[in-house]
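> In mature numbering (1 follows the signal peptide of the UniProt record, and there is no 0), the protein residues as written are -22 to -1, 1 to 466.
Any given hint could be a false lead.
[Unchecked claim] Pairwise CB distance ranges (calculated):
hint: 1; residue 1: 102; residue 2: 340; range: 42 to 48 angstroms
hint: 2; residue 1: 219; residue 2: 14; range: 31 to 37 angstroms
hint: 3; residue 1: 365; residue 2: 102; range: 34 to 40 angstroms
hint: 4; residue 1: 376; residue 2: 143; range: 55 to 61 angstroms
hint: 5; residue 1: 226; residue 2: 376; range: 46 to 52 angstroms
hint: 6; residue 1: 365; residue 2: 283; range: 23 to 29 angstroms
hint: 7; residue 1: 354; residue 2: 137; range: 26 to 32 angstroms
[Stated by the list, open to error] Derived DMTMM-like pairs: lysine to aspartate or glutamate, alpha-carbon spacing no greater than 25 angstroms straight-line:
hint: 8; residue 1: 91; residue 2: 163
hint: 9; residue 1: 152; residue 2: 67
hint: 10; residue 1: 460; residue 2: 230
No lab work stands behind these hints: they were computed from the structure. A quick note: this is a predicted structure, and the numbers were derived from the prediction, not measured. Where a beta carbon is used, it is the ideal one built from N, C-alpha and C, also for glycine.
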Amino acid sequence: MKNRYWLLLVVIALLASCTNKFEEYNTDTKNPSEVPGEPLFSNAEKTLSDQISSTNVNNNVWKLFAQYWTETTYTDEANYDIVNRTIADWTFYYYYTGAVTNDGVLSDLKRSKELITAQTPATDADKVVQQNKLYIIDLLQAYSYQRLVDIFGDVPYSEALNIDNIHPKYDDAKTIYQNLIDRVDADIAGLDDSEGSFGSADLYYNGDVASWIKFAYTLKVKLGITLADADPTLAQSTVESAYENAFTSSDDDCLMPYLTNTPNTNTLYEDLVLSGRHDFVPANTIVNIMNGLNDPRRSSYFTKLDGSYVGGPYGENDPYDNYSHVGERLNDPTFPGILLTYSELQFYLAEAAARGWNVGESAEAYYNEGIKSSILWWGGTDAEANAYLANPSVNYTSAVANTGNWKEVIGTQSWLASYTRGLVGYTTWRRLDYPIFELAPTIDSYDQIPVRFTYPVNEQTLNADNYKAAASAIGGDQLTTKIFWDKY
């Protein structure tokens, strides 16, 4: 009996040991059930840059809508058909929840924020790092929501990405903008560059908090200037409170570095080279303007055809071999994804100065710097930039005197400098009404050129009540319904 008693104790001890180790032994360390917050942030950065960079007409047609490029064979998108390929639906997928082929930018950022918030910092320094991560995540959320508003107008915001609410309301677009400015202000106040953040998990700035602070101020300028005609008072105060701490050179640009091998190449390389297709040529809109100005960036933007730069008529069937092609630099798999730049900032500040706001320098000084920094970024020289700025059609003083319109002068040059970043150029055209676009074959008059995306088809069926309310609030779900900031 005594021996059996001791045997029973041994068995109980062994079972207890097995029970204590059971969870450890049954955890697959190579395939964790929950992805940490930091890799989710990295994935969101890549997905965002991939979407911005892409020219795949299933999810990004902005280079076409901005009339930088046009199509060679299938001309639906250059003629503003976004329904055939459900492009609006894919845009929602990329930014919100994701789809089969990608994760949603905002859903990844939301989950990353939740997981990092749940971490327990070991030291005060670790607490600062944790908070820096959360503020940086919030900045990318603000950046992404601005893009969604600029594409659609009113969008799901306050109720978005709630698994318990599959029918989110659409928030007022101007109210979203105001809240984004408040969020960026809070992020600026909270970021502490005495400590780090994501380190190498941050694909844009390698965790450098000082760079993110400059990004935040630059984003604030962008939010403010976009409101210039919709709420001049808020726009002015926003820009004036931010410009001094924004980007100071092109070294501050927010870029996504790509690699030479898939799946980590620029999506442009996938679309233009790996696809084996020849679906795009530069549009006559941009080529003709740059030819008229003898713009030194043409050799980077385009290739020559028989010694000249020749753009395809916008929206028409343009055989690939009959026109200039996209510049070779854009065929490089390592061409960076471009999110926000110093050159872009300079044109915003030129506009602010032209409106009479207190931004430290004249409109001409910022305008010149915007042009020069763009030319240098694309591989040009100081001599080329100076010669270009001496051109009477480019020189700020003479160009404004000739046109009588600073919006035309600044708008055209800002649009030219935004080449490859279609939504930025398209938004410049919508806000400032320059340059003058070509009419696609399906368009009868200039006021029929689209100024937004219609809402996704899925929203019309799966979130019908909120869709109808949003459509009514913005004045109708039409391609020609203006975003709230587009006043003229």
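> The structure should be examined with respect to each hint, and the outcome stated for every one.
Hint by hint, here is what the structure shows:
no. : hint                          : in the structure
1   : 102 / 340: 42 to 48 angstroms : 46 angstroms, holds
2   : 219 / 14: 31 to 37 angstroms  : 36 angstroms, holds
3   : 365 / 102: 34 to 40 angstroms : 55 angstroms, violated
4   : 376 / 143: 55 to 61 angstroms : 57 angstroms, holds
5   : 226 / 376: 46 to 52 angstroms : 28 angstroms, violated
6   : 365 / 283: 23 to 29 angstroms : 24 angstroms, holds
7   : 354 / 137: 26 to 32 angstroms : 45 angstroms, violated
8   : 91 / 163                      : 18 angstroms, holds
9   : 152 / 67                      : 22 angstroms, holds
10  : 460 / 230                     : 33 angstroms, violated
Checked against the numbered hints above, the structure violates hints 3, 5, 7, 10; every other hint is satisfied.
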